[in-house]
Amino acid sequence: MSAPPNALPRPAQELARLEQAWEPPQGWRLLSAVNNTYIGLFYIGAALLFLVLGGILALLMRTQLAVPENDLVDYDLYNQLFTMHGSVMMFLFAVPVIEAIAILLLPAMLGARDLPFPRLSAYAFWAYFVGGIVFFGTIFFDVAPDGGWFMYPPLTSYEHSPGLRADFWLLGIGFIEISAIAGAIEIVVGILRTRAPGMTLDKMPVYVWAMLVVGGMIIFAFPPVILATALLELERAFHWPFFLAERGGDPLLWQHLFWLFGHPDVYIIFLPGAGLVSMIVATMARTPLVGYEWVVLALVATGFISFALWVHHMFATGMPHLTTSFFSAASMAVAIPTGIQVFAWLATLRRGQVQKATPTWFVLGFFGTFVLGGLTGVMLAVAPYDWQVHDSYFVVAHLHYVLIGGMVFPVFAAIYYWAPFVSGKPLSERMGKWACALMFIGLNLAFFPMHIVGLSGMPRRVWTYSDTLGWEQWNMLSSVGAFVLAAGFGVAFLDLLLHLRPKGKVDSNPWDAGTLEWLPLDNYGVRSIPHVTSRDPLWDRPQLREEVERGEHFLPGTLTGDRETLVTSAIDARPQYVLRLPGPSWLPLLAGLGTAAFFLFLTVKSLVASALGGVIALVSIFMWLWQSEPAPSARLYDVGGGIKLPDHMTGSRSHSWWAMVVLLLVDATIFSCLVFAYCYFWTVSAAWPPPPFGFPDVTATVACIASWTVSATVLFLAHRAFGRSAPRVPLIVPIALGTAFAWIAFVLAFRALAQTDVRPDQHAYGAVLYTLLSWQGLHVVLLTLMGGYTIARAIAGRASAMRRNAFDNTRLMWYYAAVQSALGCLVVHAPRMM
Amino acid sequence: MSEMRLPSALHAAPGSGAELLSELGLVLYCGAGIIFIVVVALALHATFAKPSPAGTRAWIVGGGIVFPLLTLFLLLNYTLAVGSAVAALESGTALQLLLDCFGIDAQKRIPPPSPGTMRVHVIGKQWWWEVRYEIVRGDTSTAVLANELHLPVGEPVELLLTTTDVIHSFWVPSLAGKVDMIPGRTNRLILRANTPGLYRGQCAEYCGGQHALMALYVKSQPRREFETWLQRQARSVTRPDDAFLLAGYEAFFKGTCPDCHTVRGTPATGKSGPDLTHVGSRYSLAAGTLRNHVGTMAGWIAGAQDIKPGNAMPDSEIYTGRELRALAAWLGSLE
Amino acid sequence: MSLRALIAAATLVLTARQSSSDVPHRITGDVQRGQQTIVRLECGVCHVIPGIPGARGRVGPSLAAYRRNVYIAGRYPNLPEVLVRFVRDAPSLAPDTAMPSIAMSEREARDIAAYLYSLE
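Residue numbers (my numbering), protein chains in the order written: chain A, 1429 to 2262; chain B, 541 to 875; chain C, 15 to 134.
If we strip away everything but chain A, and leave its shape as in the complex, we get (with noise of 0.2 Å):
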């Protein structure tokens, strides 16, 4: 073993600086928090705020259907209950506790100080939290949205669903869309750029690597959903019909794009606990994982599988039987990397000496009613099965099994594994076994019962039946299983507000796990950053945590008095720079507020109000990007080692470069979902453009295209020219001229669309036409926007040659909308070649 990268004894002052640079805020002013520690407990305490509203809202409802033709609510109330129900604990608990899981435990497993971008995090956090408040407070105004989570038009489209609700819907979607892309960018930039030395892909912590696919998988899934609703807002709003078949649109888009995001968006939120419990299983047992190469490939498996089941939704929609076997074998290979994850936890289990406590309680939880689940989850993918169990109560007691077994119990399993990293000792483990029982019998009370009242034929989402269908005895069993499920999660909370109290120093490793969050920490972090050479650091080397502590690792203090962290290459985890982060700050919290008025005012339609929200978001995340890429300093930084750093890198090595490809593959799967959406139609339809419509003019759509290839060559060259010459002239007059093109090719592409006389109110036809303009409309917006944000850098002399990250990455945005704007004025006249 070699000796530490650093040599003792430390300078004197080293230690206070780095305190000093990582002080939180303090008071109220701990709002302004950006560092993950924080705003992981923010993120995971929001989160289980919702688990309790949705939780409320499921009890209404099972007290509702405790006996038959009951009055306690009515069908409109029943119908929002259920609404919110679904809508709240999927995507303001599942989605959002599996990030915030993530912020809080990432940077200590990676050994870094904090994830890449705080004050994005901090923004995702306060624009979900206000979001999600004032989409749940729609409850007791009764203008909550009653359409069913999923939302299936044409009931939720203008006609059926007139009023606000479903906006409401929409609305509440939009900020855990936000949210959700913004933590899978943190998430996937922070795990392959910021891992410790030496910590290769194949000495990650199966978290991380389920973490990893998770990311990948958001960036994937929620784009789908993200057009939906766009869809669906402009066919509310401006009565575009891409949903009414009566207008050529089809109500089927819309479960196509809703499953392709559902789907996946499953496995988003199991994967997560299935990584949590292979790091509490190893732990626990005391051995490293059985077969970590197979979970990992199953883990990767899963996520590219998940894409390829959405179709087993919709098996009553009277697919062809050709599609209904593709999509039900899909769905039973899934089975296969979950059974490989299963007996991976059962060989650790039987090989180590288990450690009994009560994450193990949880986990063994977790297998009772997860399994179940999962099997239940087999027999949905046997189509004939599924036309019987579709809808019904069979499906809700699969999907609680596979959600609470699968999902909930990893994370209680987790809040109770790493209760110590938080506040230094564990919780009570009286209560944390009464937690878990109560929740085990609860859990198999409440849903057991639903599988055969659901084959007994008991539809979901009504709110009241009748005493003469043999239904009464198996719900009034789900309703008293209910209550003990919740009385499960009131001792659990019970136990986190009696003994959990957070700490910024915490020197604890109760389990004797050996992965890196177990070291001891402060607001900083680790005081040195360790250099990784093993899958369990702390197993494998027990003199770690006195090296790392005594700061004879990497960056054992600031070098240039701000907050840093190291980032690494992305395959090897070599050092590459120092990336000086920023500290507390008000202005993602405005960010987040402005986000937040700007949507919710948009709803109820106070245009004023909304554009005052609007201006402060955009106000807020200009100020905080101008503060962001420091001036670098020409020197190297000794970091240990022998290893001397930059503290900023340009280019593909540059996290933020990182972040924006990430950012447009996300924006390249929203335009492949329009690109679907239209040829979804054109193959649906008999006539292609539907008579009496043509095809936009040619002459204009080369023009168009053309005006994009200036305009993207303007920025190349600009480029070409940047470094050789003094910063502003390659920026602004280019930048300028640029902009002025991408505005030109934007009319071109609206004349071309002008004549063909289709307007987008008449047919979905039209509408998809002038969804794709729009689309192209919204990034001229944006290249202005940026392009404006990066000529006032090069005006203010925050950009040159070395500090050109700003520039570099409106440039790819600029690529990136020639051709996808080419790309969309393309794919218009595909059909002309068929």
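Treat the hints with care, as some may be off.
[As the list claims (entries may be wrong)] Only pairs whose alpha carbons sit at most 25 Å apart, straight line, appear in this in silico DSS-like list of lysine-lysine:
{"#": "1", "chain 1": "B", "residue 1": "Lys759", "chain 2": "B", "residue 2": "Lys648"}
{"#": "2", "chain 1": "A", "residue 1": "Lys1784", "chain 2": "A", "residue 2": "Lys1861"}
{"#": "3", "chain 1": "A", "residue 1": "Lys1853", "chain 2": "A", "residue 2": "Lys1931"}
{"#": "4", "chain 1": "A", "residue 1": "Lys1933", "chain 2": "A", "residue 2": "Lys1853"}
{"#": "5", "chain 1": "A", "residue 1": "Lys1784", "chain 2": "B", "residue 2": "Lys590"}
{"#": "6", "chain 1": "B", "residue 1": "Lys590", "chain 2": "A", "residue 2": "Lys1861"}
Don't read these hints as lab results, they were simulated from the structure. Just so it is clear, the structure is predicted and the values come from calculations on it, not from any experiment.
With chain A's structure known, arrange chains B and C on it following the hints.
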């Protein structure tokens, strides 16, 4: 309605697709039960037994790959066979082989529709079902009813499922799996029951406010009885002779009833509500919500919004008590 | 028809009033069976009836605390024999009523009346 079978996939009608599906279900429950018990036993054993180096990758390969691959391969083929049998697919050689392999004989299979197969159009509406029989092929104008379907015993009947508003789903658990009714599309489902019986179904796709109160009845009856029934359903009605019923007839036209309802043989030709020509013969009112007798009829006419709030039928508040009774009696007499 | 009913009712009133005030509501019906019959005949379509699930109709009067009602249909004393008859065949007592004559046996009518008198 004491003759009604429980609307349950667990009580499938003999000869129906649901019967094949409930056999499939049995296979699934047994398989899942065994796997579940084994995994939980392994988990408990692994946790509480003394540590052993036996926990190896062989577990992963055996339990996580080999076993599920084999099981799922068999299951997939079996379910393809069952699927084709209940979906009334034309069986090619390969499919026939599969059916033979799993012992699904020709009698159990739901036959594909032929030119002689009777066709019934079922149209989902918020929140009731319109049913139109093709007495002459292609003609759906005569035998029109609501929330009720009759089948001749032992004969496959092809349903053409559509909707005029939102998505609904046709589900009679004792007879067959569910099929969605989607705007802009026509879906098909073939029903068959080999014994007489009365079955209940309910909308399975959330379709708005009163989705919970959208049920229907399916009656399978001997061929002759069925024919008599269908002929009667196709008949028009005449002005009643009885003074009290005549008062009811007149009350019908005094109100807004004819704007929405058709009674064939009278000037009432409204289209948006159920055809009432033989409403007296039906098992239920308000799509399976109420039993059908003169009391519920009067209550439904005067208080439709109490019984099924939000539905398209208004409370009729213009009638005197006697008129209401007469109206209910006249409608009840339309058998 | 209704005159005879009135005479019958009056006779009942005269004989019954001689004993305690509770006696008029004594009836030889089974409360529990009455409840089941009310559910089966769906009287709740028109009436609010305590103890009957889903009985929220407003077409007819609420039957809450029925025992304490003084008149049936606003004109006949609330007596068992009158009630039994009214339940089965309201128009025979009140030709202008909206409540139809409903097919049921004498015993079923008695059970229903017994149930209604159990509502205090």
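Comparing the hints with the structure gives:
1. B/Lys759 x B/Lys648: 20 Å, holds
2. A/Lys1784 x A/Lys1861: Status holds; Cα separation ~11 Å.
3. A/Lys1853 x A/Lys1931: 10 Å, holds
4. A/Lys1933 x A/Lys1853: Judged against 25 Å, a Cα distance of about 12 Å means the pair holds.
5. A/Lys1784 x B/Lys590: Satisfied, since the Cα-Cα distance of roughly 13 Å is no more than 25 Å.
6. B/Lys590 x A/Lys1861: 22 Å, holds
Violation of the numbered hints given earlier is absent; every hint is satisfied by the structure.
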